[in-house]
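Chemist: Now for the letters of each chain:
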Amino acid sequence: MPDLLIELFSEEIPARMQARAREDLKKLVTDGLVEAGLTYASAGAFSTPRRLVLSVEGLSAESPTLREERKGPKADAPAAAIEGFLRSTGLTRDQLETRADKKGAVLFAVVEKPGRPAPEIVAEVLERVIRTFPWPKSMRWGTGSLRWVRPLQSILCLLSDEGGAEVVPMTLDGLTAGNSTEGHRFMAPARFAVSGFEDYRAKLARAFVMLDASEREQAIWHEATTQAFAQGLEVVPDAALLSEVAGLVEWPVVLMGAIGEDFLGLPPEVLQTSMREHQKFFSVTNPATGRIEKFVTVANRETADHGATILKGNGKVLSARLSDARFFWENDLRTVKTAGLEGMAEGLRHVTFHNRLGSQADRIARIEALAREIAPLVGASPDLAAEAARVAKADLQSAMVGEFPELQGTMGSYYARAAGLPEAVAQACKAHYQPLGPSDTVPTDPVSVAVALADKIDTLTGFWAIDEKPTGSKDPFALRRAALGVIRLVLANEVRMDLQAGFNSSIVNLVGSLNKANRLWLLTAENGDEDDLVFELLNLTSVRNWPANLHVGPVGYTKDIVYDAKDDAASFVRIKDGGEISVDLLAFFHDRLKVHLREQGIRHDVIDACLAMPGNDDLTLLVKRAEALSGFLKTDDGTNLLQGFKRANNILTQAEAKDGVEYSFGADPKFAETDAERALFSALETAEAAIGPALQAEDFAAAMSAMAALRAPIDAFFEAVQVNADNAVLRRNRLNMLHSIRATCARVADLTRIEG
Amino acid sequence: MTGKPVPPRSFQEIILRLMTYWGAKGCAVLQPYDMEVGAGTFHPATTLRSLGARPWAAAYVQPSRRPTDGRYGENPNRLQHYYQYQVLIKPSPPDLQKLYLGSLEAIGIDMDLHDIRFVEDDWESPTLGAWGLGWEVWCDGMEVSQFTYFQQVGGHDCKPVSGELTYGLERLAMYVLGIDHVMDMPFNDPDGPTPLTYGDVFRQTEQEYSRWNFDQADTDMLLQHFRDAEAECERILAAPETDKAGRRIVMAHPAYDQCIKASHLFNLLDARGVISVTERQAYIGRGRALAKKCADAFVTTEAGGGTLADAGA
Chain A
0 MPDLLIELFS EEIPARMQAR AREDLKKLVT DGLVEAGLTY ASAGAFSTPR RLVLSVEGLS
60 AESPTLREER KGPKADAPAA AIEGFLRSTG LTRDQLETRA DKKGAVLFAV VEKPGRPAPE
120 IVAEVLERVI RTFPWPKSMR WGTGSLRWVR PLQSILCLLS DEGGAEVVPM TLDGLTAGNS
180 TEGHRFMAPA RFAVSGFEDY RAKLARAFVM LDASEREQAI WHEATTQAFA QGLEVVPDAA
240 LLSEVAGLVE WPVVLMGAIG EDFLGLPPEV LQTSMREHQK FFSVTNPATG RIEKFVTVAN
300 RETADHGATI LKGNGKVLSA RLSDARFFWE NDLRTVKTAG LEGMAEGLRH VTFHNRLGSQ
360 ADRIARIEAL AREIAPLVGA SPDLAAEAAR VAKADLQSAM VGEFPELQGT MGSYYARAAG
420 LPEAVAQACK AHYQPLGPSD TVPTDPVSVA VALADKIDTL TGFWAIDEKP TGSKDPFALR
480 RAALGVIRLV LANEVRMDLQ AGFNSSIVNL VGSLNKANRL WLLTAENGDE DDLVFELLNL
540 TSVRNWPANL HVGPVGYTKD IVYDAKDDAA SFVRIKDGGE ISVDLLAFFH DRLKVHLREQ
600 GIRHDVIDAC LAMPGNDDLT LLVKRAEALS GFLKTDDGTN LLQGFKRANN ILTQAEAKDG
660 VEYSFGADPK FAETDAERAL FSALETAEAA IGPALQAEDF AAAMSAMAAL RAPIDAFFEA
720 VQVNADNAVL RRNRLNMLHS IRATCARVAD LTRIEG
Chain B
0 MTGKPVPPRS FQEIILRLMT YWGAKGCAVL QPYDMEVGAG TFHPATTLRS LGARPWAAAY
60 VQPSRRPTDG RYGENPNRLQ HYYQYQVLIK PSPPDLQKLY LGSLEAIGID MDLHDIRFVE
120 DDWESPTLGA WGLGWEVWCD GMEVSQFTYF QQVGGHDCKP VSGELTYGLE RLAMYVLGID
180 HVMDMPFNDP DGPTPLTYGD VFRQTEQEYS RWNFDQADTD MLLQHFRDAE AECERILAAP
240 ETDKAGRRIV MAHPAYDQCI KASHLFNLLD ARGVISVTER QAYIGRGRAL AKKCADAFVT
300 TEAGGGTLAD AGA
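Quick mapping for you: the protein sequence lines, in order, are chains A and B. Counting from 0, one number per residue, gives the positions in the first sequence under numbering that gives the first Met the number 0. Counting from 0, one number per residue, gives the positions in the second sequence under numbering that gives the first Met the number 0.
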């Protein structure tokens with residue numbers, strides 16, 4: 000059983016692409032080998048900045064001979080039939096076998112596919128993999144047409160067993176596979192031959208190349224933390240940076256240096272971001288002072304001066320970077336101290352948020368209006384929420400965020416404090432962006448919550464209005480994340496809010512704000528009947544005076560037409576009526592909510608049963624109901640009641656369908672024949688009496704336990720009576736009773752949606 | 000390697016060594032283009048010559064202007080007028096990385112003491128309709144060059160591919176010479192009879208241009224010039240291919256000059272803060288449209304390989 004070693008040696012592969020490339024190489028090559036009939040015991044892929052490596056152990060030396068038998072027509076079949084069979088098998092008449100069958104002589108084709116030696120298959124598979132490798136971005140070089148992530152310089156492809164190693168013969172666009180490679184670019188550049196994976200790995204290590212990325216990561220982290228520990232310091236963990244740095248070096252050498260005293264007063268986020276983004280440095284904190292005081296850089300080589308020159312150079316670059324950062328910081332502080340954050344935000348009037356949704360300033364005004372409206376629902380002061388909304392995005396105009404966009408919000412909080420704004424406002428500058436992902440923290444301060452909700456809802460209704468909804472895997476404006484953010488904000492803070500009302504307010508804000516600055520074209524779904532549309536909008540918004548620059552046109556209107564009309568300042572909003580957007584957006588929220596709740600173990604049919612209930616745009620209420628129902632259905636009472644309900648519902652539905660009437664007149668106890676019927680009557684009455692107030696109090700558990708009390712009477716009822724009695728009066732009364740069961744349960748949840 | 004490199008002593012010595020090095024490696028050592036450009040890439044020796052199938056190898060210094068980077072000569076690293084050293088070789092040779100590293104040794108960087116790294120950096124010039132893949136080259140954590148394999152220029156696929164090297168000369172020289180403020184850097188031999196620093200040569204011009212760029216440039220006039228350059232570029236390219244004597248002369252270079260002009264005028268307008276974010280995209284789009292038309296014209300000319308026998312292949 001030979002082993003296979005492949006090394007694709009190239010110019011520097013981007014660090015961020017290496018992990019995926021290892022996986023792809025392993026999968027594509029091994030899949031190809033298996034498809035061609037080879038088997039293998041195990042495979043492992045490795046990468047350094049300059050090489051992508053695959054080691055396959057225990058590969059079969061050749062693919063097996065395959066014997067395929069196909070039954071053809073009878074020996075005395077018409078010539079055309081026999082010819083067709085010959086064509087499809089690629090054989091000649093004398094190569095066919097004739098065998099006796101029950102029905103007589105039948106022709107058989109026996110095709111033998113001889114096995115192929117592994118080298119032939121490997122060469123074929125590797126060439127195909129190289130030519131079709133799924134790099135996120137690839138390039139050509141020189142005069143060739145081959146594509147690779149960066150110029151491919153050599154190919155090592157070796158099959159080895161106890162008998163020795165053999166190069167797999169292959170040539171690809173002028174590159175001939177061999178058995179040799181190079182060591183470290185500077186420390187051991189000579190080419191050397193290898194005889195197999197172990198030899199390769201060992202010789203690389205001697206040539207200052209650590210083949211395994213995870214080994215490099217461990218070495219870096221171990222050395223960095225050891226050096227820091229020796230000085231009583233701590234390295235700030237950063238897994239993404241560690242993996243990136245490990246992809247930038249073949250021979251990691253960890254060096255620790257000090258940050259200039261002048262820069263230690265910068266916010267830690269600034270230090271960390273500047274060092275990480277520009278220099279790929281780790282931050283090192285001093286637990287005694289709580290400050291970031293040192294950095295760790297990872298060089299790609301050892302030097303005679305033990306890295307002194309390298310460290311000095313890196314320190315110098317860092318000082319230049321941090322001088323810039325300090326310049327931005329001091330400038331920004333000056334701006335907010337003289338002009339305030341609102342002064343800083345001034346320029347946002349000239350910054351486009353989206354060419355159809357106005358400027359950032361337009362957007363902020365909308366968020367402010369909405370935040371003011373939401374504030375009372377989350378226990379925040381409307382004035383504070385409005386103030387926070389006004390300044391929360393001011394830092395987009397700061398020099399620091401211009402340089403480090405990832406510090407948006409963080410800088411806003413610093414600058415708000417420097418401007419002497421209330422702490423709740425300062426917090427909201429950062430927190431209103433949150434939660435940024437499914438694992439990010441959810442803000443709890445009421446002002447932050449109000450602004451965060453307003454920001455996200457404005458974004459969602461805006462992009463819905465201009466018809467830029469997410470489709471499939473495309474979600475360029477991160478709208479799914481925004482919706483999940485709203486859901487998490489609402490649920491975590493138990494916010495009671497009718498989302499649809501919020502959407503509608505937001506749409507009114509949108510139409511109003513775009514109309515102020517631009518000519519606004521409302522695109523209608525149909526033919527642009529202006530009167531109807533305006534009427535609908537008036538209904539929706541109770542706005543009485545539409546400004547003169549409002550225009551209405553059908554959806555087919557394009558920007559080009561308006562350009563022709565010399566109207567390049569126009570905005571386009573697709574509104575048949577605002578309600579349609581709200582409904583569609585709410586459905587999107589419900590989908591997101593299902594995904595969110597499924598992860599928390601609530602089944603989708605349980606959610607459907609609750610979505611069918613009124614008030615389904617109040618997510619807190621909706622989830623309370625879903626949680627109660629989910630718990631209820633896990634009890635014996637719950638499952639049995641569900642069975643009883645379904646039986647009642649089925650009989651009733653069938654009867655209604657058959658009779659063409661609805662049995663909803665209410666049953667009369669005087670027609671009750673049995674005790675079981677009478678017991679059910681009184682149980683329904685009791686349940687009704689309990690369910691009403693429980694629902695009123697939003698105590699879904701109580702409502703469901705009242706519903707559960709129906710279980711025994713329903714079971715007994717079905718035991719004792721036949722609903723479809725011969726007596727028409729009795730039958731009608733019983734069906735009406737089933738209707739009561741359905742109606743009573745339907746007040747709690749739509750149990751017809753529950754599966755099973 | 001033949002012993003340790005001798006450290007250079009001045010800015011101009013570094014330039015001269017690069018000239019000598021790349022000249023010896025077979026490049027035509029060209030002179031700067033005589034127009035205001037934002038980067039060495041704009042020199043027709045790069046933009047236009049990276050197109051078509053004819054082999055090319057050129058190296059040159061290009062004075063470059065970025066009006067928004069002006070700091071009145073006060074910032075240690077930022078200048079509105081600075082120098083780039085540019086190398087373009089087509090087709091990119093297989094040992095271009097080695098050649099490049101050799102140039103660092105030539106200017107006195109000791110490979111045994113420094114940490115040189117190739118860090119992913121894809122290059123894209125929206126104004127030129129160009130992109131390529133490559134790296135920024137780090138020396139001890141400092142970016143000293145851009146290294147790019149051109150894939151497309153002016154909307155045309157580069158076949159063959161050119162390798163482009165761009166050195167930020169001031170920054171590189173400051174590092175090699177151990178200088179912290181650009182204005183303190185020796186421009187010529189510090190022990191010569193008339194030692195001049197970079198500041199002696201450029202401090203005053205940085206101040207003057209910073210003021211003009213930021214406060215004084217006449218924006219109405221600049222806008223008019225932009226429109227003029229754009230119109231002239233289009234007009235030149237729309238002219239008949241044959242002149243009055245019946246010769247076929249496509250005026251790709253004169254048209255491209257107007258394209259360069261428009262690009263620089265845009266930069267000046269940008270520095271004056273009169274271009275909004277939305278307009279910005281539109282201006283860049285207009286610039287790109289010109290660059291693309293110039294490229295279209297160039298590839299039909301002899302230098303653009305348009306008359307090569309195999310050009311159509």
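Derived by calculation from the structure, the hints in this document are not laboratory data. No residue lacks a Cβ here, since even glycine has one placed at the ideal position from N, Cα and C. Mixed in with the good hints, there may be bad ones.
[Said to hold, decoys possible] Residues of chain B clear of chain A, computed beta-carbon distances all greater than 12 Å: (1) E119; (2) G133; (3) D256.
[Claimed, not checked] Once the Cα atoms are required to be at most 25 Å apart in a straight line, the calculated BS3-like pairs of lysine-lysine come out as: (4) K202/A with K291/B; (5) K3/B with K315/A; (6) K136/A with K243/B; (7) K311/A with K3/B; (8) K97/B with K3/B; (9) K136/A with K3/B; (10) K291/B with K136/A; (11) K633/A with K645/A.
Chemist: Each hint should be assessed against the structure and marked as holding or not.
Modeler: Hint check results:
1. E119: violated (4 Å)
2. G133: Answer for G133/B: violated, closest chain A Cβ roughly 8 Å.
3. D256: holds (30 Å)
4. K202/A with K291/B: Violated, because 51 Å separates the two Cα atoms, which is more than 25 Å.
5. K3/B with K315/A: Holds. K3/B to K315/A sits at ~23 Å (cutoff 25 Å).
6. K136/A with K243/B: violated (48 Å)
7. K311/A with K3/B: holds (20 Å)
8. K97/B with K3/B: holds (17 Å)
9. K136/A with K3/B: violated (39 Å)
10. K291/B with K136/A: holds (23 Å)
11. K633/A with K645/A: The hint holds at about 17 Å.
Violated hints, in rising order: 1, 2, 4, 6, 9; the structure is consistent with all others.
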